[in-house]
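**Q** Here is what each chain is made of, one letter per residue.
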Amino acid sequence: MARKPLIIFLGLAILLLLPIYAAATNDLYLLSLSSRMLIYALAAVSLDLLIGYGGMISLGHAAFFGLGAYVGGILAFHYQEFSLFFGLLPGSNQALIVWPLAVLISALAAAVFGLISLRTSGAYFIMITLALAQMLFFLFTSFSTYGGEDGISLWQRNDFPYLDLDNRYHFYYLCLGLLVGFVGLCQRLVNSRLGMVIRASKQNERRLRALGINPLPYRLVWLTIAGAGAGLAGVLLMNHSHYVSPALLHWTQSGELMVMVILGGLGTLYGPILGAMSLLLLEEWLNQYTEHWQLVLGPLLLLVVLFARRGLYGLLAGRGARDG
Amino acid sequence: MAEPAALLHVEGLSKHFGAVTATDNLNLHIAPGELHALIGPNGAGKTTAVAQIAGELRPDSGQIVFAGHTITDWPIQRRVKLGLARSYQITSLFPQFTALDNVALAVQAHQGHSLRAWRNAHRDPRLREPARLWLEKLGLAGRDEIPAAELAHGEQRQLELAMALATNPRLLLLDEPMAGMGSEDSQRLISLLRSLKGDYTILLVEHDMDAVFALADRITVLVYGQAIACDTPQAIRANEQVRTAYLGEQDV
Chain Z
1 MARKPLIIFL
11 GLAILLLLPI
21 YAAATNDLYL
31 LSLSSRMLIY
41 ALAAVSLDLL
51 IGYGGMISLG
61 HAAFFGLGAY
71 VGGILAFHYQ
81 EFSLFFGLLP
91 GSNQALIVWP
101 LAVLISALAA
111 AVFGLISLRT
121 SGAYFIMITL
131 ALAQMLFFLF
141 TSFSTYGGED
151 GISLWQRNDF
161 PYLDLDNRYH
171 FYYLCLGLLV
181 GFVGLCQRLV
191 NSRLGMVIRA
201 SKQNERRLRA
211 LGINPLPYRL
221 VWLTIAGAGA
231 GLAGVLLMNH
241 SHYVSPALLH
251 WTQSGELMVM
261 VILGGLGTLY
271 GPILGAMSLL
281 LLEEWLNQYT
291 EHWQLVLGPL
301 LLLVVLFARR
311 GLYGLLAGRG
321 ARDG
Chain G
1001 MAEPAALLHV
1011 EGLSKHFGAV
1021 TATDNLNLHI
1031 APGELHALIG
1041 PNGAGKTTAV
1051 AQIAGELRPD
1061 SGQIVFAGHT
1071 ITDWPIQRRV
1081 KLGLARSYQI
1091 TSLFPQFTAL
1101 DNVALAVQAH
1111 QGHSLRAWRN
1121 AHRDPRLREP
1131 ARLWLEKLGL
1141 AGRDEIPAAE
1151 LAHGEQRQLE
1161 LAMALATNPR
1171 LLLLDEPMAG
1181 MGSEDSQRLI
1191 SLLRSLKGDY
1201 TILLVEHDMD
1211 AVFALADRIT
1221 VLVYGQAIAC
1231 DTPQAIRANE
1241 QVRTAYLGEQ
1251 DV
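Each protein sequence line maps, in turn, to chains Z and G. Using the working numbering, you'd call the opening residue of the first sequence number 1 and step up by one each time. Using the working numbering, you'd call the opening residue of the second sequence number 1001 and step up by one each time.
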């Protein structure tokens, strides 16, 4: 049981010291890759809230991820072009304006998606979330102003007070701070009264209703929070890659996030961080040998699902893996 | 025989599944503080009747009046808020939660505030203390931190009852609370139900005739969805119709 705090401590220590190693070896690519891992980890943790704790198997999480990125991208685009959004609103490059807006719009989208999809469950829920996300994907591919299928390229990252986001070290530590903050928030959420209702609804919905609780409004709130988290990850990724494209909204992106959660460990909060990092590292490494790296990923995922009930994190942490 | 003082009135309740009549023009009146038993052979429609009163099944016709409200079309949650609670014939718990978490959630369901997202519910004395008291009362003291799935069968039945009680109900629907219990556990549960008698109004569905005759104020006998008798235990014991239809071969 005491393994869990040790793993978290070690993990955090490695993440904190990583830039020092990168500086010593002058490996700037490592730092950039690690920032990307932190961002995907944030998105994966938000999906774990849904799948791991709420039993809401969403195959449309990329919608909120991509939407967050597009909010940032569109505002930066108008800022670069000195043009107005719908002829009304000016663009912005201020992180403190853009990021909250991205989070808010992703959360709103999640609430709307939830109102439509949460009346269903099981396979129907999977299909509806998939369909809604694909609608957004096709919507954005048709926006010729914003590059259509090619997306938007950006000149620079957002302006953040006291930090220079184009400095890789600053950006890395900001991503790490936001990830730690979000995981801390999730920790509180899953152990709160709301979290108890959500986790109970996953285990035995009929019993929950018999206790007098209709899970629907709580699931809606939960989905909204998860959508907000994914939106934050999206706007960070847009900053990281100076680029936004509809590929971020595609269902394969949702699938990739789901693989991260399952690989790392469902319902563990920390597992998805491990899952995101492992998957991106694996992709990076196998890509050196073959472009068909997914051929290796498939069997690996199969092994994890068959033999490690709580994913990679479960292998490390043992019985205490589950959080709360 | 409408009794205006009754807490629960069931009038002309009917439910068909295809050609099968599971509930056939059932009338039931339960007075406040009464322990009313519903008995009948397998397939008599006892669980179906309970499910309709609890709100899990919609009746084809008839009416259910509880505490002065016609609740026939109400969803489950609304009935629970009015004070209906049930336990299940087949144990229905939150298997990964500890025993204490199971009851704490029932307390929370009664208290509300389920949108609170910041405070740790595991350390909230307003949830934990009442939950602990219920576990103690149901003989589960010291089992607080055991996941429900790992409790013995008898303990799971006790936990189920603790959860129903923790919602502070005015009417308890107990669907075979002794199903699958050993005789020792059964005896303990009988004495527990006896101690609850009077404080709670209870509709008890049970196969264990010792329990039924020891506890019930009145008994309704259900055969093929129809109530063929409703009377005191003594009268039911003496009832010829009941003997032939149901108790016939049993030694009562």
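These are computed hints drawn from the structure, not numbers from a lab. Don't be surprised by glycine CBs; every beta carbon is placed ideally from N, CA and C. Incorrect hints may have been included.
Which chain G residues stay away from chain Z? Per the calculated CB distances, all over 12 Å, these [claimed, not checked]:
#1 Phe1094
#2 Tyr1224
#3 Cys1230
Calculated pairs, SDA-like style, for lysine to any residue (alpha carbon to alpha carbon, straight line, at most 20 Å) [said to hold, decoys possible]:
#4 Lys4(Z) with His1122(G)
#5 Lys1197(G) with Gly1033(G)
#6 Lys202(Z) with Val1223(G)
#7 Lys1197(G) with His1207(G)
#8 Lys202(Z) with His1207(G)
#9 Lys4(Z) with Gln1096(G)
**Q** It remains to establish, for every hint, whether it holds in the given structure.
**A** Structure-based check of each hint:
no., hint, in the structure
1, Phe1094, "violated, 5 Å"
2, Tyr1224, "holds, 27 Å"
3, Cys1230, "holds, 26 Å"
4, Lys4(Z) with His1122(G), "holds, 19 Å"
5, Lys1197(G) with Gly1033(G), "holds, 7 Å"
6, Lys202(Z) with Val1223(G), "violated, 37 Å"
7, Lys1197(G) with His1207(G), "holds, 19 Å"
8, Lys202(Z) with His1207(G), "violated, 32 Å"
9, Lys4(Z) with Gln1096(G), "holds, 19 Å"
Hint check: violations occur at hints 1, 6, 8; the rest are consistent with the structure.
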